[in-house]
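Q: Now for the letters of each chain:
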Amino acid sequence: GCFVFKPSPKKRKVSQKTAIDFRGRNNESEDSELRFVTCQSLWNQIKSETEQIQEDLNKQLFDNLLSFLRRSHSEFREKTTEWTCQMKSREIPTAALVLGVNVTDHDLTFRSFSEVLQNNITPYIALLEAKDCPDVKNLMQKLMGQLMNCYIDVDSLEDEDFVQVSQNRIRCSMTSLINWYENVTKKTDSETPSKKRTSSSRRWQSPPVVVIFKDMESFTTKVLQDFIVISSQHIHELPLVLIFGIATSPMIIHSLLPHSVSSLLCIELFQSLSCKEHLSTIIDKLLLTTQFPFKLGEKVLQVLINIFLYHDFSVQNFIKGFQLCMVEHFYSQPLSVLCCQLVDAKKRVNSLSHDQCENIRKLPSFRRYVEGQVSEKQIALLTADNFLKEIVQKLLEDLHVYHENYVSVLRCLHVFTSSLPKYPLGKQIRELHCACLENRVWETEEYESSLQLARMLNKSDVVTMLQQCVEIFVSSSGKEFDKTVEKLKEFLTQFQKLEEAIQERDVSVSSQKELQKKTDLFHLQKTLLELKESRRSKKLTKFEMLRFEVVDYIDSLVRTYLIPADHKTLHEIVYFNTASVLRGHLNAAPRIALHTALNNPYCYLKNQALKSDGGSISNKAPDICIVYKLHLECGRLINLVDWLEAFSTVVMAVEGPNADAASSDQVDDIIHARFIRAISELELLGFIKPSKQKTDHVARLTWGGC
Amino acid sequence: MSQPEGKGSGALQVKFVPDEEVLKHIADDSGIKVRKDKSQLMANVKRFVKKLENISDDEAQEILEEKNYVAVLGICAQDPMGNGSSISGGEVYSFQTPKRSSKMAELASELAQTPGQSVASDHSKCPEKTAKTPQSSSNFLWAEIAWKHNLIPLKKKEFVSTTPYRLRKRLAAPDLYLESESEYSASCSEEEDEEDQKEVSTVLSGQKTPAKTKAASTPPPRNNLGKKNKEDKMSNLVEEYFEAHSSSKVLTSDRTLQKLQKRRLNQQTLHDLLKKAPLAYAAEIKELNQQHESLFSKWMLQMHLGFNIVLYGLGSKRDLLEKFRTSVLQDSVHLVVNGYFPSITVRSILNSITEEVLDHIGTFRSPLDQLEFIIKRFKEDSSLELYVLIHNLDSQMLRGERSQQILAQLSSLPSIYLIASIDHINAPLMWDQAKLSLYNWLWYETTTFSPYVEETSYENSLLVQQSGSLALSSLTHVLRSLTLNARGIFRLLAQYQLENKDNPSYPGLSFQDFYQQCREHFLVNSDLTLRAQLTEFRDHKLIRTKRGADGVEYLLIPVDDSTLTDFLEKEDEDV
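Protein chains in written order, with my numbering: chain A, 158 to 863; chain B, 3 to 577.
Pulled out of the complex, with its shape left as it was, chain B reads as follows (with noise of 0.2 Å):
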């Protein structure tokens, strides 16, 4: 095939080429339909080498019109949106940068000692910040990246990431440097805190003279879009984001909560303590809150027309979902899915529609039968209506592809209306072309700020406080069905395990070693009980089985281990 550069000079060359690539090009340029025959094709080449410079020609109108998209994204930048929302997102989605472990003390203290003040005000002097970065609109970042290139050539890789005074430190005295890292005194962070800033005005100063400093450290401004400081910037990303990912270690002090003296909240406490915190700026979310509200009509407008609305945001919107619901759904046939709930299924709300909705008695064989049914009732019957409400849409239980495909049936009915939010950031990314063509969606912005109360208290993987009592109750109730000497071997293992539980690698108790112990408390008489009595152990998930690396069966008990500690002390109590 000729190469298209020679096109420019008028001559055209013809090669013998293969079919396969003639084919290809055929492929390419979606204007020819390919035939079976391919003598014709053969014959033809000449004029495939014309079709390629059509295509080339496309492709430079291709690249105008991107131009001219970019173009309009900044014009869209300009419109007055009133809310901010006209950040480009470089800002939102960029590489992550190597960090300090004590640089969130810092932030803290600074924030602190500048009460109303805004934190970056120190640096405002600094001529970079009128040329804002894409990756870093934060001053502290950006000071950190400049402060880091600065010392690299002074010390190894591995000192990265600690502070000049902790490093000399650590040079002097080793023994003083393990406490320091694990507890720091307040005092200590403050003169930390004091030689940054040091530091970072240093490096500041220093680039108004750039003679001194490293020019590559400094990304470039960002209007001066010259392809060269593009790939400057990107090649500066990608070193950036590999430096972060480079070390598996991550450098984080070791304190835990058990030090902290703490006495862990559970749920019912937490609620409490946290009705006594006033709910900040109240009147000002009362007023969003009424913004909301304005729309309400404009919704089930939208929703006629065979939209389906949904809601983002930061902020519960719970309330407002609930109150659109009250003010205006109260008189027709309605649905409300509380998506957070943690045992929603779709089967579920497939069966509340037939069963309560639509009165059908019977069961299905699948999902897909039971939309099929629904589709078809509403089909069939016009006057059939029904408002869905789901809290949540993008829940650990509803983002399966399969149940967002079903809803996504159903929300495409035009007699079903439904109002979903979503909350999680890459909630969108649930959703291909084909799903959101059936959801139709239009997108609301409704920010609300207030707290989601009722989500976040089922999240039974709660970080800290969760009590774990609803586990403890069932582990209780469970045992307290089976009989003594089953009793005694939940024990031993239990007891066990929290001797080990200053093992970090501690892989579970054998099956050998296990039945030696049970034999020697004259628990069981035989290999075969055991097993039996683990079975129905198993069977309500009171213990799991893993193979070790040498194919020995290991048992554990999936329970933490505060709550282990609390369940055999009852039961010391009960014995």
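Chain A on its own, in the form it takes in the complex (with noise of 0.2 Å):
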């Protein structure tokens, strides 16, 4: 079943260019190797920065990991023979490193971390996988064979043979490990005597041997324990450390092993931050910034949440789709060549052919923006190019400094917004976002809500918000916000003096109680009654007034800012929106594919005898159509007979007319034929599959689905 296929050795292609295939077939347009290096710089940069967040974000984790290991075998260090650190050295040092059911991003972590680890503490380290460990024999092979090449690792391949035979003849046992232990810590003593003493390499005199079980959920029980209970035998001689990784939660390990072995375990819980986090920096740093010329509609990116969020929670997995998203936009739009740096954008600009002129032109933004033009520079733009580009550059300015500003309103609408209850506008920054992107924020019910909430904001919460939005506007890097700036420190100012202004009369208002601090209830309660009454007549108060002016304030900034992307001229060329696309590719659903292929062949095959309406076929569909739509009328066995003289009956009819009695034998084999194609491609699909339980009848595998 497997062949090979090798060219002849001349015609081999030495590499293969990847951006010949960017070519596609619109292959007259000559922007396409531009394009193509664009996305893959722009890639390359995005790659970069994600993988830096992510060590940023892990970089306090590990180093809490290192220096619990740090300190986990310092008693075997200074060989202690003291009988309560003994009893205390039958524990074995663990850490349950607790990440996150994202499973498939764990990789990444350990990776990073072994190198950390390979760095700093010890070389001598194991990653053990579940699905490699059926039993303890498994276990302590693979254990021995990284150990022991990593042990060649360090000493760079000088006495390959000798581990080639220690890995196939040393028995499997703790017994040799431990031997191979003494051995290499022996080694390295004596290789380099001089080396040891001085610094910083003190942790080489015997460093820990660290087993990371990287699924510790999926291991078999039986496996951890015996383990486990075999290794705390042999602590003293061999500092072992393990690492739990744990998807789930850290009574995992309880409920796994017995009270006698956890005991045996000296367990420290570290906690990886959580994936949400992780996303939401990923968004902070790719998004919102304009750092990055490309952008994502609000519907892509709402796909590639609700992915995140529904289905995986992998951080990878948003970040392929990021890729994928770029990929689609270099690929498939010819103007994404602009899609680069202001300045770089500019020279392209001047440089653009004819027909990409002519594609600006055809954008539905653009020509919005045209039939706002009065007469003559409509015509001008239409039809001189050069015209257009003077044009198209000034555009793309202002798409530049409309992301300034939208990004740094945004975080000030966030800052008030975060904070409101039940959050109308969203609890998270990416949310703000997508509501601004799919229409005019203002307009909405829940930005209306969220300003009715804004303005019942206590004072202090309100003047730590203005504080938070001017830091926002100071570090932004738009340049209209000068007077923003100012105008929120006069707030902050007038605030101030607010309080001044209370504090003062505070004082008076207490001095006059403390006048008629007699009183008896009815007087009590009659000036109760008063001061309501009075509050709800009484005309706003000085603070009331400011902080409706203040978030007006804010409501004009959003409203100027934040108007949706999809307004502005030329947003085309930076933002991906086909959000169909990607959901096909990353989330497909084959089962409704084939659904409507069989229910309404129509859909793919453009004829009009197919045509139909509602949830019917007609009879003239495929054979496998009307063999599928007769079986769904069946229970959970199908006679096969009844089935093929139902099939005939309507193929039958079909051709009915033409065909004479004296042929019938023949169609009659051909329909036959016809109806076994049909119902073995049903099976191969998985509808139907044979069944013993009676003569010629076949089981049904699916429900309903009619």
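Just so you know, these hints were derived from the structure itself, not from any lab. We treat Cβ as the ideally placed atom computed from N, Cα and C, and that holds for glycine. Misleading hints may appear alongside valid ones.
[Unchecked claim] Calculated cross-link-like contacts (lysine-lysine; reagent style DSS-like; alpha-carbon spacing at most 27 Å):
| id | chain 1 | residue 1 | chain 2 | residue 2 |
| --- | --- | --- | --- | --- |
| 1 | A | Lys846 | B | Lys300 |
| 2 | B | Lys437 | A | Lys294 |
| 3 | A | Lys689 | A | Lys616 |
[As the list claims (entries may be wrong)] Chain A residues, not near chain B, derived (Cβ > 10 Å throughout):
| id | residue |
| --- | --- |
| 4 | Leu284 |
| 5 | Asp441 |
| 6 | Ser532 |
| 7 | Arg831 |
[Unchecked claim] Covered by chain B, according to a simulated footprint, are these stretches of chain A (three or more residues, beta-carbon under 8 Å):
| id | region |
| --- | --- |
| 8 | 468 to 481 |
| 9 | 753 to 763 |
| 10 | 782 to 790 |
| 11 | 795 to 806 |
Reconstruct the complex from the two isolated chains, following the hints.
A: Set out below in structure tokens:
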């Protein structure tokens, strides 16, 4: 069933050029090369950025783990012989590393972690996975294999044959492992005595052996138990440290291991940051920034976030989806050549070809722009390429400025909305971002209600928020915010003044109160009632006025700067908006496709004979559709004879008029054959299977579906 | 622990709680680290209570997000997908509803009687049609449910799946019923049809006046998604499910193909006959294929960027992949795997990579070793590139967990580019999260509607018409190499099996009886010789042994009766 095809060596290309594929159908577009290069460089930037983010986020965790590892075998190193220490050292130091349910991302974390370990603590690391270790023997085999291999790495392959032998010959037991460890440590002792005494390499004296169980939950209990019990016996001779990678909760250790075993472990818990936080950081750094010219449209972002939240919680997959968006965008949009840093884009505009100019003119957003201009300018835009290029440069700059402002104002709005009760505009900035991209946010009900709520904030909150906003605007790259900052600062000082005034008044009020301290119940009630009355009818206090002003000001900022991106001219160049493509590729529904094809072949085969309305199909549909439709009417078992008869009834009706009695036998055979084919196709698709329950019956494998 | 309900009033209760519970709460909340010292935890009970509040807030948030998700799904359903895949899941995955045995014939005759017309047109007047119910898009089933609900109060449950017409007949003359059950004549079914039509129409008209029919039988309209309605629908679905599965007996007619007097077709004649039948809608299919072919360069691009391609959709994708291979991959090393081939294994795939692509001579202890070797070689030599095309990645032989794991690991190599096709409806269930991330799929819908010619030609379990020629020839070949006595022994067994072919609970021939018979025919002289002979048969998979309930060994030839008859006839000719 397998065939290898090798081209003759002459014909074989030296290196495949991916850029060639980029050209695709529209061969004529000469910018494809440039587009591809832009795409690749942008992707590389983004990739390194995400890696950097991941590293930064993990740093804290790794630091904690490293200090734990350093601490864990300090007793061992000092070779203390005290009785208490010995008792304690029966316990294996263990780190329980809670990583969250996004198992697919763990690989990356472990890889970078083992790198860090290798550099800082110990060369002896073994990464074990449950699927390699069905029993203790295999586990030991894997463990020793990895440890001895890493030994090679340290000594740079000088005695390979020794290891070769050891892997095959040495019985995999704890004793041989200990012997190996003693050998190795002794060797490093003797080999590098001078180096060792020097300052930093103290850790080499007897580095711990770190065993990482990548997916602790999927190990069989017995294997884990046995391994722990065995190794705890040898903990004096071998400084072992275990690290459990846990996807669910730390309680799993206790439910997997009985008390007698878990008491042999000295467990410390470490928590990696949640994948949600990771995602928000990624979105913050990739999307809510002007650093990268490429942007995601609202629906696309929704799709990606939904895949993350409801399917896998995997940040890696999110980034892959982002990559796919980029590739799609640069592949399908010829104008994406302008999707680069502003300076480059301006240069590229000047060298655009005539075809590309025509492409620009075809953009819907550009057309809208043209329609808004006076007639002479319209003509110039539509005819003169040079004029068009000038305008496009200006528009691109506008777009850039818009993005700069957008991000700052969005953050500022988020400061206000993220602390409101019930979060009408969402807790995360990504939700706010989506809402703003979708349509004019100030026209939505949620925005209205959050403004209402913002008008009821207390003073200290308002002040802190204003301070945060000031910080955001000061640190932003937008140039238009000097005035805004001033305005906000003015608000702050006003609040300050208000506070002082209130304090003064407070003093006076309290003094007043002290005077009329003695009141009876009747008077109290009366004054309270009066107070209530007055409050109802009372005019707004100064503070309230000011608060209204602040909220209104924020509102005006939102209205000027948070215009949805698809209202901007030339947004098609930088925004990727075809969410359906993305959904189709990442979150496909094969069964629905089959269902549609079988139930409604007209969706695919555009033939008028197949056209039908409602949930029915015509009898001229392909055989498999008819057979499928017939089988839907059956229960768990289907009689083949009935089925065949029904099928031939349908098919004969189509061919009815021209089928003569003479050739009926022949026709029958063909129908029979067609039926067989259709049925075996259904079997291949998994709708039916042969059944032994009754002769000439097949079993149906699906429920309903009709 | 204080009750979460109490949080609204702001009154916090502090109670003594066992450590385990506290631990559990911490375990639930991912924000806090568990340390071994418990005393600290005890001191902080109050803090946890506060945490709890936070958690419930989070839950509220979650619910909100869920709503959003549903809304987004709605949005996406409205997306102009072009191919109408905006079907809600409920339509595809719904519960099975009880069916009547004659339903298929009815649909068939209806389809036949209204050529070119839509089947459901008769019922298009019914107002409920616009309100699509999730569990039935076809009005047939729908009408049937209504019909059935109407009937239930009238008669006993066991008669549910027979038509009232037949019921009456049955009560009048039981003999007649039996006949009509096994072979109903055309006129009879027509009558039934008419009656059904009437039945349906009365029910449907009855639904317009709600006083007449039970409201429960009409599934609530979809656009009105009140909670109560939802519950109703759920319970309805559940009831239907259990109704469908309550009786182990399935009512189908007893007709068999043998009575149809149709000669069985073998693979060759089937193939010839199908060649004569013209392929329907060839032009449209060609157009579809051209659409897919325009994607070739995109596939190449995406494969080079580290994605792998998986094709799904109705119709054989073999030709498409073949075209892809010939048009794009001519100048590069590539491996074609026919997954539908019945004897393909992962091992053979790995072997062809190591032996033919990497030119490695030598064997490996296990596929995992082999995989490791391949991975190492590909990582060392960055100039190595390999395209792998797998037809039917979901075939019987490759769908196992281990095979998929190995293939996934292969495909995750940056210089191995995988493009595969899947057909089975449950194929995506093969992959868990880990495998999916290794495969890094990009899904492409390539519905081709072309017949699965190659893929089904190997389907040797195929329902009816397989001639069993393979089994027959292997039988004769093996037997020809045996001694005369051995052949006689096998003949005895075969004859005995054929004599009992009408007995459905035939367990096989017990060893003792067999020994007796063989002795009588002077074929063996001792228990031991017979056992030796049987071992040989078993090694060649000619017979199977089974232990009965009483511990007696039963012998069986695992070949169907017709093949066995053919075999005996042939043997007779030879002798």
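Q: All hints, please: hold or fail.
A: Now the hints, each set against the structure:
{"no.": "1", "hint": "A:Lys846 - B:Lys300", "verdict": "37 Å, violated"}
{"no.": "2", "hint": "B:Lys437 - A:Lys294", "verdict": "26 Å, holds"}
{"no.": "3", "hint": "A:Lys689 - A:Lys616", "verdict": "22 Å, holds"}
{"no.": "4", "hint": "Leu284", "verdict": "14 Å, holds"}
{"no.": "5", "hint": "Asp441", "verdict": "19 Å, holds"}
{"no.": "6", "hint": "Ser532", "verdict": "34 Å, holds"}
{"no.": "7", "hint": "Arg831", "verdict": "6 Å, violated"}
{"no.": "8", "hint": "468 to 481", "verdict": "holds (count 7)"}
{"no.": "9", "hint": "753 to 763", "verdict": "holds (count 10)"}
{"no.": "10", "hint": "782 to 790", "verdict": "holds (count 6)"}
{"no.": "11", "hint": "795 to 806", "verdict": "holds (count 11)"}
Violation of the numbered hints given earlier is confined to hints 1, 7; the remaining hints are satisfied by the structure.
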